[in-house]
Amino acid sequence: MATRTSRLSRFASLEFILGTVLTVVICLAVLFSDVLFPGGAEKINLMARLAKPFTNPAFPFGTDPLGRDVLARVVAGGKISLLVGFTSVIGAVIFGVLMGLIAGYYRGFWDMLVMRFADLQLAMPFILLAITFIAIVGGSLTNTIILLIVSQWVQYARLVRGSVLTLREREFILSARAIGVKDWRIIFQHLLPNLIGPVIVLMTLNVANNILLESSLTFLGLGVDPTIPSWGGMLADGRTYLQTAWWVSVFPGLAILLTVLGLNLLGDWLRDSLDPTGRTSR
Amino acid sequence: AGKMTISTPQDPGSWDPVDTFLTQWAAVSTNIFDGLTYRGPDLKVVPGLAESWEELDEGKRLRFKLRQGVKFHDGEDFNAAAVKFTFERLLGDQGAKGPQRSNYTAIDSVEIVDDYTVDLKLKAPDPVLLTKLAGYGAMIVPPKYIAEKGEDNFNTNPVGTGAFKFVSYQPKVNIKLEANTDYWGGAPKLSEVEYRFIAEPATAVAELQAGRVDLVIPPTIPIGMIPVIEGDSKLEIVSVPGPTVDALRFNTRDGITADVNVRKAIIMAVDRATIVQSILAGQASEIVSFQSALSFGYDADLKALPYDPEGAKKLLAAAGVKAGTTLQIDIRGNDATMNEVAQVISSYLSMVGITATIKPYETNVITNDIIPQGKTGAMFQQKWGGWTFDFDNTAYAMYHSGEKWNPYDKDEKMDKLLESQRPLTDRAEREKILKEVGAYAAERALELPLYNTNAIFGINKRVKGFIAPPDNRLKLNEVSVD
Amino acid sequence: MSETIKPLLSVENLSVEFGSSRVVDELSFTVEAGKTVAVVGESGSGKSVTSLSTMRLADMMGAKYATGRIMFNDRDLLKASQKEMRSIRGKEIAMIFQEPMTSLNPVFTIGDQICEVLMLHEKLGKSAAMAEAQRLLDMVRLPDSAELLHRFPHQLSGGMRQRVMIAMALACRPKLLIADEPTTALDVTIQAQILNIMRDLQKTLGMGMVFITHDMGVVAEMADHVVVMWKGKKVEEGPVREIFANPQHPYTRTLLSAVPKLGSMTGEEFPKRMPLTVLQDGEPALAGEERIQDTAKYDEKPLLSVKDLFVRFDIKKNLFGKATHRCSAVQKVSFDIHPGETLALVGESGSGKSTIGRTIQQLQSSMGGEIAFNGRSYSSMSAAERFRMRQEVQYIFQDPFASLDPRKTVGFSIAEPINTHGLINDSKAVKRRVDELLERVGLPSNVASRYPHEFSGGQRQRVCIARALASDPKLIIADEALSALDVSIQAQIINLFMDLQAERGLAYLFISHDMAVVEKMSHRVAVLYLGQIMEMGSRQQVFENPSHDYTRRLLSAVPVADPTAPRNTALIEGEIPNPVRRVGDEPAILSHEEINPGHFIAKSA
Amino acid sequence: MAGFLIKRLLQAIFVVIAITLVVSFAIRLTGDPALMMFQGGGSMTEEDLQRIRVSLGTDQPFIVQYLTFLKGMVTFDFGRSFNGGTSVSLLIGDALPATLLLAFISMFVSIALSIPLGIKAATSRGSAADQAIRIFSLIGLSFPNFWLATMLVLLFAITLGWLPPSGMGGFASYVMPAITMGVILTATNVRLVRTSMLETLQSQYIMVARAKGLSESKVLYKHALRNCAIPLITYFGLQFGGLLGGIVVIERVFNWPGMGTLAFDAVAARDYPVLQAVITVLSLMIVGINLLVDIAYGLVDPRIRTE
Ligand SMILES: Nc1ncnc2c1ncn2[C@@H]1O[C@H](COP(=O)(O)OP(=O)(O)OP(=O)(O)O)[C@@H](O)[C@H]1O
Ligand SMILES: Nc1ncnc2c1ncn2[C@@H]1O[C@H](COP(=O)(O)OP(=O)(O)OP(=O)(O)O)[C@@H](O)[C@H]1O
Ligand SMILES: [Mg+2]
Ligand SMILES: [Mg+2]
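Chains as they are written, first to last, in my numbering: chain P, 1 to 282; chain C, 283 to 764; chain F, 765 to 1369; chain Z, 1370 to 1676.
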């Protein structure tokens, strides 16, 4: 059967393999960072500050301004970064997409309510939101994640709503309605799969964005303990050393790049596998 | 002749002397305004617009002989009336709107003796007043100009007697000055000066590297970027000890740090010399009390607790602090240096069995809420830069009970010591008591003293005759550019 | 191949594959200038794929050309680059696509889309192109062409869109026209008109035509030569008279014998289920019983009753959002449908048939009148009743492609009504039911896991039928549900409909252009024109005693599946009826007269 | 249409009032501006603070302060900055054009880059060009914007000396900020264009457009693009709104005197009048943009009814 084989070959596509391998390797390395580099991420060695990479086998990626092993920190740094990156994006997607679906599908009052709320949210500069947010709820990792969700759901909501507005006039949605399919099923079974493409794109990209944002919150007081390594934090620390010690920021940047690359490959694959029309065209 | 461009990290928003405490204000305004006295880079108080002065009434009256023939930039004469106007404005309604007034409350009234003689009548003697007259709120302002053009106009169109005249100001962008060729101290060598407000260190340094800025003033250049400037043959770093000191203070009321021996143990556990050498790249000096070596009241003989991890462990054991005890260090999140230092300290503490976590805060939150409300962890960062270079300014605020920055400690002896030195005009006597304050604070281990950071200037070598002021008060009349 | 006349197009040994499945297998045929080749055959036999391959558009769908070549003007189109093809497409070879609903770009006006070709190939300026576009719309007898130019596709009826497509294809006077079911959505009067235009153009331009259709009547009228396809292969070809008179291949014979003929039911009171012609051991044979379809229960109260229905669309609005021009799509339409009855709705394209169907299905709100189902009027129904109604009334959309979710397998779509209404709870049983439904509409059950775009037009149509049957409805509104099917499958589905009617008393509102099918399967017929019912009566009354002018015109325009029959080439002249009017200038509402018991005609105003 | 606009206008007023109310209230929970004035290191007493509060008006009950602000807003008088007393309207008057101009240019750069690149990636899906475009767009995202900005400065301002490292001035000063912002925006947009395009390209009407013999660019840029424009318009609108709030980091790195810097400084100094004004202007703009986006929906896709 033609479709069988093409579906199989899709699983075997380069995108999927590469994406999975990257993501799995990164996640495993991060999960087992303690085993790979016991205590290495925190060990300060003021005698070996800013050692160059690829010269000392003890520090293959060089050391940071406190003489810590950049490699160990990059690996360990994924814990916070991935946690924040993933959870905040997932939270924002779930909430935002839901709101967008409701606003776009029901229109009228709900649309007005959700979208004006979105306007409110959009008009609020991020730092202001962050500062007032901490002032009210205090700073912690959970709150960082909540803050990111609060500040980002609107993107998804508006994106989804826009697409729903066109889709809901399409005949296949009408025919689902004609059958008597319940609203929530129309929303989740028919609208969602047909508009998820851009959402997946935005989602995979926002993971990177949020990993970076997490660090920028540090100086607002929402950040976490600087001894706990995170990619964004390392990049921020490396800021003053850009001209003198590039490796401090380039390696965490590469880590983010590879993660996002892996995610995007998976995201593209997911998008493609949700889109049957592209299937035979390869 | 020649133009010099200077990068300063902040726009104070108003050029009116009564409005602000920012050193970035002084970095500009020292060139526009003069005070009765002047304090240069050597920190000695010398005559300014007053040629001489004397103390009368046991220090409760100061009589100033004013310089003659001085004119404001708008052509108005400088005289006793201008001095009277200046201080009455500072202590009156206009001054009430700004923070500067609180520095000058010792002044009771201003009396004109003759056109060029003026008396400041004091409520009580203020030993630091002459220093204060050299800066900020005490800058002499033109009465007629202000009366004619109004107060609001003065904020953004300052007029003084200084070496440079105001030309233009664009908020958040720049302020431009030009030479005042009639300056009483002699015409400046530069014809124009432009200050650009550049908040981002990397940007300021890039502008310096690109040759579009001649001087970057503190607090801008982070330690980590010093090698960048040193590596550029056209540029150099000039650094002098500054007014700013950093310490991690203790919560002396609750938790393990309520015990003085624990506090001492923590101090002994940290190798500050290494921190200064490595993290601060030598751009700072260790301190023993919460003041710099330049400060009045500094005690060169006071000895710090030695770096002694073994001793620290013993003290901790004796105090019953178990290995693995945790404590929290609160710091300002945007202070990159302290970020690193705190991490190193945390690692030193871990060697004596204390697990320290670090909690960064937004600056305003920590200074306005966390510290005053006593919501800090066991240790918290305090950064202080008394521009008067007088230990009283620091010590009173930090150690006197009930003060905003002193949420935890109450000590009668300390309060008495602090109060007793305030009215003294006898410098030696006061200095003795201030040294005592410093020693007593060290004995009680009220803080983990860290370092006094240098004021770091990045400068283009084409600038000649620049002497780095520790207090950021640039006076550019002797400076020239190639 | 003759030496003297060089063919315009010659397809030689063409094989086309999707992935590993070959859908066209070693196909060869030629088209000469000025001649028409009709390609007929089983639904899904590769007709559309062949035409898309000729245009080299099948490339974009992922098709691979395994063997053969396509010669056009001495060049092999299969070897041409896409760039070279661009100068050929639209100008030299034009194509009319099978599914008109999805073929027009929804976001551009009709005018824009027609002008585009004119400006590109004829190098006309914008205003000249517009004028020409308007002329073309007039030519295909679209009403109010000047205004229509500024409308968007979704505001047009199916047949109107199809005519737009035809106008677009003819715009540049191509040398070769490939018409893939160009008239399925047209009523017979307009169809006759369009066919005449095509013939005319063919004569004057010497245009070659590849004409794909299921309507053997049209084949008989149009074709010079016929190619019969079956399962991706050509099974027979020959001159049209030859094929009709003397079909060789068993499939051809099956096909021809399944053609419904108008008038074959004369004298019958009720519709009749006829035996099917099927291929048995490679030979056509009759299968199934013959049965009088006496299922309508007129003694029971009507299942659906529509009373004085009005539907209007705002076409133009002024600045303040008030309508200035309206389309009166449905005007005071009333009818009943009884359990077990088939009511056929026939009429001119754009006369409001689909709109009536959509309004009954509550996809369109009415502006007046009342619809009652099972005696309960819509306005008084509770939510639960409404929900139940959506199970009992099913709608088969005119455009099957657009009405299937592109992201869901057809199996999912068919199972959806079952799951929605909780008819079967066990998922295995649901799957069995889906398979069974697929088989009943003549599709293998293993296609359940395929997606809509992987089907041919007729196959998709059958999927939609299967979906409508899935919920065990009481009433099915079938909007051109059979027009995309080849006649043998069509006959099979008609029988399926009739069997269900007999078994369960299903009622149908049967919207169709195919008068022969209507004659075959309906109990009563309503003839719609400009949103109003012109004539309504029992099948026998309407077909044997057509009393309204329009009905008579309709019946006389039906093409006869006999190439030897005389052709009616008279063009319809005069004003094109237009349902769009200024607000305040609404068309007159005609009153009805009962000329015989149950036989009504509209009195002319 | 007129009714729709009036309705939206009313909603806009509601939004502006709501957000200024929330912001004004919330910011007052986070710090006292009077205290902040002593940041330089002055010693002060409670009485000193109170004195300043009186002069700033922050001693008044919140509701009184807010009503004063509202009253001023109607006449576009936002009062004076707590930080130096400059007229807030003046500050906004300087910062808004700076930000708007930069936002327009960056948006333009990004759209001009991302649409052709995204379409290229979509049409040659899986090819080397597609992969390259996708990977480059990810690089643009994986490093923070200050990183990219600093790299550009190092290259163009310091090593090559072609462009000024910072500040707003002539044409040259726009190049780097616009490129940095443009690149970052493009990274997302390219992928968005690619995805939306992929879906549309499968439609039958695209096939028909090709059958007309239209050039590939007409097919893609006219027929396909317009059909996938809804998510793009939405996202561009969001981005533009985001830019107006000012990208603080970019503005800081390039020392751009825009709304971001203004807002950032105002938050840091708890400069209520400036902050309230920034928020007011920003929310008006956002509401305006979203209104335009909603209207654009209807124009781009006639099936969407604006009302
Ligand atoms: N994109 C595709 N992917 C896979 N299979 C396809 C695709 N398009 C068509 N097919 C298959 O190719 C076969 C031929 O399809 P085609 O559209 O040519 O049929 P047809 O003869 O035009 O039928 P109909 O009369 O029903 O339109 C069908 O079996 C169909 O399922
Ligand atoms: N959404 C709409 N907006 C404006 N006019 C519409 C809309 N839908 C349908 N119409 C108009 O209503 C009239 C009736 O359309 P309808 O689709 O009911 O016709 P039909 O009888 O089904 O024709 P066909 O046989 O061609 O499908 C047509 O003139 C059409 O242009
Ligand atoms: Mg077909
Ligand atoms: Mg129709």
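Among these hints, one or two may not hold up.
To be verified - Distance condition first, Cα-Cα at most 20 Å in a straight line; then the derived EDC-like pairs of lysine to aspartate or glutamate: (1) P:Lys-43 / C:Glu-701; (2) C:Lys-379 / Z:Glu-1585; (3) C:Lys-657 / Z:Asp-1401; (4) C:Lys-379 / Z:Glu-1416; (5) Z:Lys-1489 / F:Asp-823; (6) P:Lys-182 / F:Glu-1149; (7) C:Lys-405 / Z:Asp-1499; (8) Z:Lys-1587 / F:Glu-848; (9) C:Lys-686 / Z:Glu-1585; (10) F:Lys-887 / Z:Glu-1415; (11) C:Lys-686 / Z:Glu-1416; (12) Z:Lys-1376 / P:Asp-275; (13) Z:Lys-1587 / F:Asp-823; (14) Z:Lys-1587 / F:Glu-1149.
I should point out that these hints are in silico values taken from the structure, not numbers from a laboratory. Note that the coordinates shown come from a computational prediction; the quantities given were computed from them, not determined experimentally.
For this structure, which hints from the list above don't hold up? 1, 2, 7, 9, 10, 12, 14
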